[in-house]
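So the sequence lines, in the order shown, correspond to chains A and B.
Each residue of the first sequence is one higher than the one before, counting from 1 in my numbering.
Each residue of the second sequence is one higher than the one before, counting from 220 in my numbering.
Do not take every clue at face value.
Subject to a maximum C-alpha distance of 25 Å in a straight line, what follows is the list of computed DSS-like cross-link-like pairs (lysine-lysine) [to be verified]:
no., chain 1, residue 1, chain 2, residue 2
1, B, 323, A, 117
2, B, 447, B, 244
3, B, 271, A, 117
4, B, 373, B, 288
5, A, 117, A, 20
6, A, 117, A, 49
7, B, 288, A, 49
8, B, 222, B, 244
9, B, 271, A, 49
10, B, 288, B, 222
11, B, 271, B, 419
12, B, 419, B, 342
Bear in mind the hints are in silico, worked out from the structure with no lab data behind them.
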Amino acid sequence: MILDFSIIPGILPALLWGTKLTIELALIGVAIGLIIGSVVGIGRVSSNKLVRTITGIYVDFIRGTPLLVQLFLVYFGLPSLIGRPVPAFTAAIAAMGINSGAYVAEIVRAGIQSVDKGQMEAARSVGLTAGQAMRYIIFPQAFRRIIPPLGNEFIALLKETSLVSVIALEDLLRKGQVVITRTFRPFEVYMAVALIYLVMTFGISRLVAWSEKRLKVVD
Amino acid sequence: MIKTLGLRKSFGDNQVLNGIDVEIKPHEVVVVIGPSGSGKSTFLRCLNLLEKPTAGEIYFRGQCITDPKVNVNEVRREMGMVFQSFNLFPHMTVSENITLGPTKVRAVPLKEAEEHARELLDKVGILDKENAYPTELSGGQQQRVAIARALAMKPTAMLFDEATSALDPEMIGEVLDVIGNLAGEGMTMVIVTHEMGFAKQVGHRIVFMDEGVVVEQGPPGEVLGSPKNPRTQAFLSKVL
Ligand SMILES: Nc1ncnc2c1ncn2[C@@H]1O[C@H](COP(=O)(O)OP(=O)(O)O)[C@@H](O)[C@H]1O
Ligand SMILES: [Mg+2]
Chain A
1 MILDFSIIPG
11 ILPALLWGTK
21 LTIELALIGV
31 AIGLIIGSVV
41 GIGRVSSNKL
51 VRTITGIYVD
61 FIRGTPLLVQ
71 LFLVYFGLPS
81 LIGRPVPAFT
91 AAIAAMGINS
101 GAYVAEIVRA
111 GIQSVDKGQM
121 EAARSVGLTA
131 GQAMRYIIFP
141 QAFRRIIPPL
151 GNEFIALLKE
161 TSLVSVIALE
171 DLLRKGQVVI
181 TRTFRPFEVY
191 MAVALIYLVM
201 TFGISRLVAW
211 SEKRLKVVD
Chain B
220 MIKTLGLRKS
230 FGDNQVLNGI
240 DVEIKPHEVV
250 VVIGPSGSGK
260 STFLRCLNLL
270 EKPTAGEIYF
280 RGQCITDPKV
290 NVNEVRREMG
300 MVFQSFNLFP
310 HMTVSENITL
320 GPTKVRAVPL
330 KEAEEHAREL
340 LDKVGILDKE
350 NAYPTELSGG
360 QQQRVAIARA
370 LAMKPTAMLF
380 DEATSALDPE
390 MIGEVLDVIG
400 NLAGEGMTMV
410 IVTHEMGFAK
420 QVGHRIVFMD
430 EGVVVEQGPP
440 GEVLGSPKNP
450 RTQAFLSKVL
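Model the full structure from these sequences, guided by the hints.
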C-alpha cells in the first residue's frame, strides 16, 4: 500500500469545480435559512398562541427528522404530488434552506430570550411600542449573541451539503467520487476532499471568532 | 392624579394584590413600604400597566387607564419608572439611553433631545459621562442615568421600585439625594423603598402594604412613629 499524492494536482480542478457548487449550496441554503429562521424565530416568541404553535411544529418536525429524508421528500416525493419533476439543484437548496431555517429559528429565539426581561420593561416604560422596543433594544442585543451560533450553523450546513451527492449533484464529495472512478486512488482523493472541507470550515470559524471579539467591545 | 379602586392582580392561583384603594394627589410623594413579597412591585407595575390588573380600576389624570381602549404607550410615557436593577440599555451610550424615548416616542429632534439630556445629566451630577457606556459606570451612576432617562420624557409622575436596593452602601446617598431633589421640585412620586430614614424625610404619606392589601397609611410621623396596626408594628420593629 503506497500513498500516491502525485495525482492530486491533476484532480484538483475537478474538485475545486465541485467546491464551487458546495459553496453555492451552502450560501443559498443559509440565506434562505436566515430569512425563514428570522421570521419563525420571532414567531416562536410571539404573544399569539397560534403563531407559537405553528412555528413550533415546523421547528420540531425539521429538527426531529434527518436532512436526507427531507431531501428525498422534496426530490423524489414532491414530484409525485405536483406531477412534475423537481430539478436537483432546486430540491437541494429548498431542502437545505427549510432545514437550516428551523435551526436558525432556534438560534434567533434563544438570542431574543437571552436579553434580560428588564430591557423590554425599561423600553416600554419610556413609552416605546412593543415593535420599537424590539427594533431598538432587543434585536441589537440579541444580534451580538446570535452571531457565534449562526457561524456554527453555517459550518454544519456546509458539511451537510455533501448529502446532495446522493441526488447526483456534482458537489465536492460527488466530484471526488467521480474522480476515483478514473484514478482508482480512493484514499488520496477522499483525503483531499476532506482537507478542502476543513479549509472552508476552519476559515468560517476563524471569521466567527474575529467578529465575536469585535462585537464584545460594547457588551 | 393617580387613583386605584379595588385593584387586584393574581398570577395563576397566586393572589398578589387583593383590592388596593390608593389615591395619589398632584405633587404628592407617597412611600410604599412592606415586607418582601407583599406586592409592592406588582402594585407599581400595575400603575404604569407593565402588569395588567386582574380586576379593579386605575385612574390617571382623570382617565380610566384600565379601560381596554386606552393606548398604554401614551400612559407609560407620562409615568417614569426607575427599577431596582437600573435596566439601562447596554448597547447605547448614556446620551443615547436618555434620548431614545424623546426622539422615538415624542418625535423631539435629536439635537434638542441631546441638549435636554445634558441638562438632566447635569442635574443628576454626571454630565461628564454623556458618552460613556453603562458598563463603564458605577451602580450609583447607572441609577442616576436611569432617573435622567425617565425624566427625559417629561413625565407627570415618577415610580421608583427599590431604586437603591441593588447599590453598594456608599452609593445609596447620591441616588437618594437625586430623588429627594425631585420631591423638592414638586414631582408626583410613588416610591417603594426599605430606607426608612429617607421615607420619613421625603414622604408626605407612608403606605404600608402586607399580603396584597394596604394595612395602614398616613403621615410618616404617625405610621413610622406610632403605628396602630400590629402588622405595621411587627414590620417596623424588624427594619428600624
Ligand atoms: N411575573 C410574575 N409571575 C408570577 N408571580 C409573580 C410575578 N411577579 C410577582 N409575582 C409574585 O407576586 C408576589 C409579590 O411580588 P412583588 O410584587 O415583587 O412583591 P414585593 O415587591 O413587595 O417584594 C410574589 O409572591 C411573587 O412571587
Ligand atoms: Mg419588589
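Status of the hints after comparison with the structure:
Distance check on the hinted pair: residue 323 of chain B and residue 117 of chain A sit about 21 Å apart at the alpha-carbon level, within 25 Å; holds. Restraint check: the Cα-Cα separation between residue 447 of chain B and residue 244 of chain B comes to about 24 Å, which is no more than 25 Å; the hinted pair holds. Among the hinted pairs, residue 271 of chain B with residue 117 of chain A is consistent with the structure: their alpha-carbon atoms are about 16 Å apart, no more than 25 Å. Of the supplied pair hints, the one linking residue 373 of chain B and residue 288 of chain B holds, its CA atoms being roughly 24 Å apart against a limit of 25 Å.
Taken as a hint, the residue 117 of chain A and residue 20 of chain A pair is broken in the structure, with Cα atoms around 44 Å apart against an allowance of 25 Å. Restraint check: the Cα-Cα separation between residue 117 of chain A and residue 49 of chain A comes to about 20 Å, which is no more than 25 Å; the hinted pair holds. Between residue 288 of chain B and residue 49 of chain A the CA atoms are separated by roughly 22 Å; this keeps the pair inside 25 Å, and the hint holds. Restraint check: the Cα-Cα separation between residue 222 of chain B and residue 244 of chain B comes to about 8 Å, which is no more than 25 Å; the hinted pair holds.
For the proposed pair residue 271 of chain B and residue 49 of chain A, the alpha carbon gap of about 18 Å is at most 25 Å, so the pair holds. Straight-line distance between C-alpha atoms of residue 288 of chain B and residue 222 of chain B comes to about 18 Å, which keeps the hinted pair within the 25 Å bound. Restraint check for residue 271 of chain B and residue 419 of chain B: the C-alpha separation of about 31 Å exceeds 25 Å, so the hint is violated. Of the supplied pair hints, the one linking residue 419 of chain B and residue 342 of chain B holds, its CA atoms being roughly 24 Å apart against a limit of 25 Å.
Checked against the numbered hints listed earlier, the structure breaks hints 5 and 11; every other hint is satisfied.
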